[in-house]
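Participant: Residues per chain are reported as follows:
There are 2 protein chains.
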Amino acid sequence: MDISRRGKTIQASPIRKFKPLADAAVARGLRVLFINIGDPDIPTPRPILDAVHEFDQEILSYGPAQGFLELRQAVAAYFGSYKIPLTEDNIIITTGGSEAVFFAFCAVADPGDEVIIPEPFYTNYNGFASLADIKIVPLTLKADDGFRLPPTAEFEARITPRTRAVVLCSPNNPTGTVYTPEELDRVGALVKKHNLFLIGDEVYKEFTYEGLVHKSILELSGLEDNVIVTDSVSKRFSSCGARIGAFVTRNERVLEAALRFAQARLCPPSIEQKAALAAYRMGIDFFKPIREEYERRRNVLFEGVSSIPGTLVLKPQGAFYMVVRLPIKDADHFVAWMLTEFELDGQTVMVAPGPGFYSTPGRGLDEVRMAYVLNEKDLREAVRVLRAGLEKYRKLFP
Amino acid sequence: MDISRRGKTIQASPIRKFKPLADAAVARGLRVLFINIGDPDIPTPRPILDAVHEFDQEILSYGPAQGFLELRQAVAAYFGSYKIPLTEDNIIITTGGSEAVFFAFCAVADPGDEVIIPEPFYTNYNGFASLADIKIVPLTLKADDGFRLPPTAEFEARITPRTRAVVLCSPNNPTGTVYTPEELDRVGALVKKHNLFLIGDEVYKEFTYEGLVHKSILELSGLEDNVIVTDSVSKRFSSCGARIGAFVTRNERVLEAALRFAQARLCPPSIEQKAALAAYRMGIDFFKPIREEYERRRNVLFEGVSSIPGTLVLKPQGAFYMVVRLPIKDADHFVAWMLTEFELDGQTVMVAPGPGFYSTPGRGLDEVRMAYVLNEKDLREAVRVLRAGLEKYRKLFP
Numbered sequence: 001m002d003i004s005r006r007g008k009t010i011q012a013s014p015i016r017k018f019k020p021l022a023d024a025a026v027a028r029g030l031r032v033l034f035i036n037i038g039d040p041d042i043p044t045p046r047p048i049l050d051a052v053h054e055f056d057q058e059i060l061s062y063g064p065a066q067g068f069l070e071l072r073q074a075v076a077a078y079f080g081s082y083k084i085p086l087t088e089d090n091i092i093i094t095t096g097g098s099e100a101v102f103f104a105f106c107a108v109a110d111p112g113d114e115v116i117i118p119e120p121f122y123t124n125y126n127g128f129a130s131l132a133d134i135k136i137v138p139l140t141l142k143a144d145d146g147f148r149l150p151p152t153a154e155f156e157a158r159i160t161p162r163t164r165a166v167v168l169c170s171p172n173n174p175t176g177t178v179y180t181p182e183e184l185d186r187v188g189a190l191v192k193k194h195n196l197f198l199i200g201d202e203v204y205k206e207f208t209y210e211g212l213v214h215k216s217i218l219e220l221s222g223l224e225d226n227v228i229v230t231d232s233v234s235k236r237f238s239s240c241g242a243r244i245g246a247f248v249t250r251n252e253r254v255l256e257a258a259l260r261f262a263q264a265r266l267c268p269p270s271i272e273q274k275a276a277l278a279a280y281r282m283g284i285d286f287f288k289p290i291r292e293e294y295e296r297r298r299n300v301l302f303e304g305v306s307s308i309p310g311t312l313v314l315k316p317q318g319a320f321y322m323v324v325r326l327p328i329k330d331a332d333h334f335v336a337w338m339l340t341e342f343e344l345d346g347q348t349v350m351v352a353p354g355p356g357f358y359s360t361p362g363r364g365l366d367e368v369r370m371a372y373v374l375n376e377k378d379l380r381e382a383v384r385v386l387r388a389g390l391e392k393y394r395k396l397f398p
Numbered sequence: 001m002d003i004s005r006r007g008k009t010i011q012a013s014p015i016r017k018f019k020p021l022a023d024a025a026v027a028r029g030l031r032v033l034f035i036n037i038g039d040p041d042i043p044t045p046r047p048i049l050d051a052v053h054e055f056d057q058e059i060l061s062y063g064p065a066q067g068f069l070e071l072r073q074a075v076a077a078y079f080g081s082y083k084i085p086l087t088e089d090n091i092i093i094t095t096g097g098s099e100a101v102f103f104a105f106c107a108v109a110d111p112g113d114e115v116i117i118p119e120p121f122y123t124n125y126n127g128f129a130s131l132a133d134i135k136i137v138p139l140t141l142k143a144d145d146g147f148r149l150p151p152t153a154e155f156e157a158r159i160t161p162r163t164r165a166v167v168l169c170s171p172n173n174p175t176g177t178v179y180t181p182e183e184l185d186r187v188g189a190l191v192k193k194h195n196l197f198l199i200g201d202e203v204y205k206e207f208t209y210e211g212l213v214h215k216s217i218l219e220l221s222g223l224e225d226n227v228i229v230t231d232s233v234s235k236r237f238s239s240c241g242a243r244i245g246a247f248v249t250r251n252e253r254v255l256e257a258a259l260r261f262a263q264a265r266l267c268p269p270s271i272e273q274k275a276a277l278a279a280y281r282m283g284i285d286f287f288k289p290i291r292e293e294y295e296r297r298r299n300v301l302f303e304g305v306s307s308i309p310g311t312l313v314l315k316p317q318g319a320f321y322m323v324v325r326l327p328i329k330d331a332d333h334f335v336a337w338m339l340t341e342f343e344l345d346g347q348t349v350m351v352a353p354g355p356g357f358y359s360t361p362g363r364g365l366d367e368v369r370m371a372y373v374l375n376e377k378d379l380r381e382a383v384r385v386l387r388a389g390l391e392k393y394r395k396l397f398p
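For the record, the sequence lines run as chains A and B.
All letters in the first sequence, in the order written, are residues 1 to 398 by the numbering used here.
All letters in the second sequence, in the order written, are residues 1 to 398 by the numbering used here.
Just to be clear, a hint being listed does not mean it is correct.
The following label-pair restraints were derived from C-beta to C-beta distances [said to hold, decoys possible]:
| # | chain 1 | residue 1 | chain 2 | residue 2 | range |
| --- | --- | --- | --- | --- | --- |
| 1 | A | 293 | B | 333 | 55 to 61 Å |
| 2 | A | 85 | B | 392 | 44 to 50 Å |
| 3 | A | 375 | B | 42 | 43 to 49 Å |
| 4 | B | 58 | A | 346 | 23 to 29 Å |
| 5 | A | 189 | B | 69 | 46 to 52 Å |
| 6 | A | 346 | B | 221 | 46 to 52 Å |
Which chain A residues face chain B? A few, computed with CB under 7 Å, are given here [said to hold, decoys possible]:
| # | residue |
| --- | --- |
| 7 | 7 |
| 8 | 12 |
| 9 | 95 |
| 10 | 108 |
| 11 | 110 |
| 12 | 124 |
| 13 | 128 |
| 14 | 265 |
| 15 | 269 |
| 16 | 272 |
Rather than coming from a laboratory, the hints here were simulated on the basis of the structure.
Beta carbons: idealized from backbone N, C-alpha and C, even for Gly.
Looking at chain A on its own, in the form it has when it is part of the complex:
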């Protein structure tokens, strides 16, 4: 009795597959500096936790499939703060940004259909594509080009009769690039011309540095029917475990499909919706000191990693990740080795291996993703441990 093809072929999360090795390292008494996953150490803002503690329903009953009205209004107001006019009718609350991505894939594509995604990309798109049984057509970006979007012709070379959408993540996980208005306009014209959907993963909207401002694909004019944005409270409010996100579009037929998908799973979690409401009611200014903290961390990790011999890394413009080219041949092997064979003063470092962020086989073997989600002191320590680890690793595996 065989399991399904999708069950067999879905990738194990490259950011989670070495978790057992990390657990074993911790069990051996090592301190593991986790910069593999985007799980921030910034305390969850007080109003969010207060809302949890003050949860006052007597019966934890089903909520509306599209999420609580107040929360949808608060999310609309949040976009309004960025001069993006939306109403609650444009918004479906989802169980994490994850579910919003899955709904977007299912709303625009059927099994065998294709979506074009610049790679490296957020690795879990692969998982949702497997579940939805759609095909990700990668468009490989290069570190040497600053991971910028290629000319329109390169997108067009990948369009087939089955192409349904282009997916853009900006600020980008894992590269840290923030697409320029010119890049967005170019892709906007492309999807318009070829009658495609444009799905934007914009969960790192506020995470931009040196005064750079993120432009949303919701701001592109004339693309009201093409654009779907997936959003999440996870990073913005240090609330990854809340599993509250949003599916945003002005296309009524897409909304209707997503609402039916939402009805199948009844509703998003109630308590965390109340917490998210408190989060959005803080307004967007609460984020300023957090952005400054991440900018300092970015500088520490970027400068530290750049100074390690043999590395290549671009200074990220946004999000809290960087893709680092290392003087290694097999990132999976290196990551496992760091967790099982290496330690410095009772510490080691966990990073995410590069190949998981590509769907083209063989790409990213000498790359890793690092997340600057620890405080500056720990990041400096991570760089020191990584430098020593790499030096030893290169002698053993030249």
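Keeping the supplied structure of chain A fixed, place chain B upon it in accordance with the hints.
Facilitator: Structure of chain B alone, referenced to chain A:
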């Protein structure tokens, strides 16, 4: 620009599609007695809400993809209380029983594959089948036969090379039947013979009346590799809004696939997992008074509805639903009419139209599902209003 086929064809939830009419009735000042949806009015047990109020993480960070270890252990212990030996390794915590059903479909079937489900069935299986792009092959049960499972030959007549699983829900939503050990053994032998999976939705396990004991498909011997059970805290602990469920199997390859599906969406909601832990730690005896309450309600609703002229209803053995045949020709029309045109002393009743519980077109037109999730007084009132409504409706639409 067109949306996907699955986006176009997925059914609107028949238990939720009349929600706007109900909202409008409430807005007009009517009291609507909701017996359309299984959203219990039993207060959520105190330890669950206490756990929410005492949630003590400073950072609402990602949890493990398979759920918190303590919760998986508690769920294993819960099954142990019913003499079903499991370990935490057999259990993946899901975002509601909904996600467990979806994972089960995706783990055993690919687009175009088939699962056999006796109908009427829990309507949201349709939604998950659309999302997973698999085909539900219905096996129509009849009220006149007590909604019992038909002879094996009727199952076998529906098996094709694409059949991957049989899905059984017991105690059953919407019929209220509890399958006998003989029925389960018969289906067990069938799936064994034809090398199929057997998916059991057992979220109403404790909801059995008159001393009847539910047998789980996990208790069938020799079927360790075939059986997947989906479970949920929603009904058992009056915690529908928590969105915590479980995916249970002893098949290691199925578990591995489900874990990868789980990794794609990162983790189930954290706060509700802590609440669910408190729930499971109450032990199974807490349920006894709740069962007695539901048994009283069942008796009230059953006796009341039976006494309305022209109805046919079986006394349910379990869960908290009953399928009622009414002297009408179009259940959708009747449900809408009750919400828009009828009232008695400022009240009306909302029930769920029958066709949504069938995938065979044309079935269930004269049936509705009722849920005895209100207290006895309100149920008596619902019967009174329904009786008057039906009388008037039959005169208008004979």
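Participant: Each of the hints needs a verdict: does it hold here or not?
Facilitator: Tested hints:
The hint said 55 to 61 Å for the Cβ distance between residue 293 of chain A and residue 333 of chain B, and at roughly 60 Å that hint holds. In this structure, residue 85 of chain A and residue 392 of chain B meet the distance hint of 44 to 50 Å, their C-beta atoms being roughly 47 Å apart. Here the CB-CB span from residue 375 of chain A to residue 42 of chain B is close to 46 Å, well matched to the stated 43 to 49 Å. Checked against the given bound of 23 to 29 Å, the beta carbons of residue 58 of chain B and residue 346 of chain A, roughly 25 Å apart, stay inside it.
Distance hint check: the CB atoms of residue 189 of chain A and residue 69 of chain B are about 50 Å apart, consistent with the given range 46 to 52 Å. In this structure, residue 346 of chain A and residue 221 of chain B meet the distance hint of 46 to 52 Å, their C-beta atoms being roughly 50 Å apart. Hint on residue 7 of chain A holds. Least Cβ distance to chain B is approximately 3 Å, under the 7 Å limit. Using the Cβ-Cβ criterion of 7 Å, the hint placing residue 12 of chain A at the interface with chain B is satisfied: the shortest such distance is roughly 6 Å.
The criterion of a C-beta within 7 Å of any C-beta in chain B is met by residue 95 of chain A, whose closest approach is roughly 5 Å, and the hint holds. Annotation: residue 108 of chain A was flagged as interfacial toward chain B, and the flag holds, the nearest CB pair being 6 Å apart, inside 7 Å. With a least beta-carbon distance of about 5 Å to chain B, the hint placing residue 110 of chain A at the interface is held under the 7 Å criterion. Checking residue 124 of chain A against chain B: minimum C-beta separation of about 5 Å stays under 7 Å; hint holds.
At about 6 Å, the closest approach between the beta carbon of residue 128 of chain A and any beta carbon in chain B falls short of 7 Å, and the interface hint on this residue holds. For residue 265 of chain A, the interface hint holds, the least distance from its beta-carbon to any beta-carbon of chain B being 4 Å, beneath 7 Å. Satisfaction of the interface hint for residue 269 of chain A is found here, the shortest Cβ-Cβ separation to chain B being roughly 4 Å, below the 7 Å cut-off. Annotation: interface hint on residue 272 of chain A holds; nearest CB of chain B at approximately 5 Å, less than 7 Å.
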